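The residues making up each chain are set out below.
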Amino acid sequence: MTYFWIDISAEPISPDKVWSYLAASEGGGINIFVGATRRLTQGRVTVRLAYEAHESMALKEMASLAESAASKWDVLRIAILHRTGEVSVSEPSVIIGVASSHRAEAFAASRFLIDELKISVPIWKKEIYEDGETQWKDAKWERP
Amino acid sequence: MTISVRVFAMLREALGASMIHVEVPENCSTRMLVDLLVKAFPSIEPVHNVIRVAVNDEWASWDTLIAAGDDVALLTPVSGG
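First to last, the protein sequences are chains A and B. Number 1171 marks the last residue of the first sequence (the working numbering); no jumps. Number 163 marks the last residue of the second sequence (the working numbering); no jumps.
In short, the hints are calculated from the structure, not lab data. Here the structure is a predicted model, which is why all the values come from computation and not from measurement. Errors might be hidden in some of the hints.
Restraint-style ranges between C-beta atoms, simulated for each label pair [unchecked claim]: (1) ALA1050(A) with LEU147(B): 47 to 55 Å; (2) GLU95(B) with GLY1070(A): 23 to 31 Å; (3) GLU140(B) with ASP1142(A): 18 to 26 Å; (4) LEU118(B) with PHE1031(A): 32 to 40 Å; (5) HIS130(B) with GLU1160(A): 19 to 27 Å.
Examples of chain A residues toward chain B, derived with CB under 10 Å [claimed, not checked]: (6) ALA1080; (7) LYS1087; (8) ILE1141; (9) TRP1151; (10) LYS1152; (11) LYS1167; (12) GLU1169.
Glycine residues also receive a C-beta, built at the ideal position from the N, C-alpha and C atoms.
All chains, full assembly: derive it from the sequences and hints.
What follows is the structure, given as structure tokens:
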């Protein structure tokens, strides 16, 4: 039995709350990955990112990734939280958390979840630069 | 039939709307829909080749037929995380 916490939120997301959720599993290996807004990209200064999601589909894709991770690794709890709206430098845009009995599964499942999220979940980011210029990230489909 | 199509991010900005209503023939495939939209809205021509379609929250293939009442969405390459 694996517990999932899947959410897309226009409000700030909290690594502390993810920690509490995962710790309640009483597992011995807990891994939390936080993706935050980066200030410098190739010398250019970003002040914030704006995220937009196809929410109903994104939630479904995120749940499907969690199910897939739970079938590959012996894990107790999985959290996948993603922001929408504007996220300033240093603030979390995505949190992936996995609790398992031992660390290997927690690391492996977390890595899988963040890598797959970036490939398949319908969410988009726009860079808002220091000079006021904005740009949707120039992404490519990773799969045919 | 008339269908509603949701768009996001750069497509939403290029179209100036988050949902568009479009008249399509019966047995319209996702491929026909995208071609028809690009013809109707030249502002999305630059991203024509990268658009993918989701129907009812699932990735759709290019020969998926659209039915009245379907929730259709046009997606450009994702960049979450």
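Each hint tested on the structure:
1. ALA1050(A) with LEU147(B): 47 to 55 Å: Since the Cβ atoms of ALA1050(A) and LEU147(B) sit about 49 Å apart, the hinted range of 47 to 55 Å holds.
2. GLU95(B) with GLY1070(A): 23 to 31 Å: 26 Å, holds
3. GLU140(B) with ASP1142(A): 18 to 26 Å: 21 Å, holds
4. LEU118(B) with PHE1031(A): 32 to 40 Å: Given range 32 to 40 Å: holds, Cβ gap about 39 Å.
5. HIS130(B) with GLU1160(A): 19 to 27 Å: About 25 Å separates the Cβ atoms of HIS130(B) and GLU1160(A), which means 19 to 27 Å holds.
6. ALA1080: Constraint on ALA1080(A) satisfied, holds at 7 Å.
7. LYS1087: 5 Å, holds
8. ILE1141: Hint holds; ILE1141(A) Cβ to chain B Cβ min 6 Å, cut 10 Å.
9. TRP1151: 4 Å, holds
10. LYS1152: 5 Å, holds
11. LYS1167: 5 Å, holds
12. GLU1169: It holds, given that the least Cβ distance between GLU1169(A) and chain B is near 8 Å, below 10 Å.
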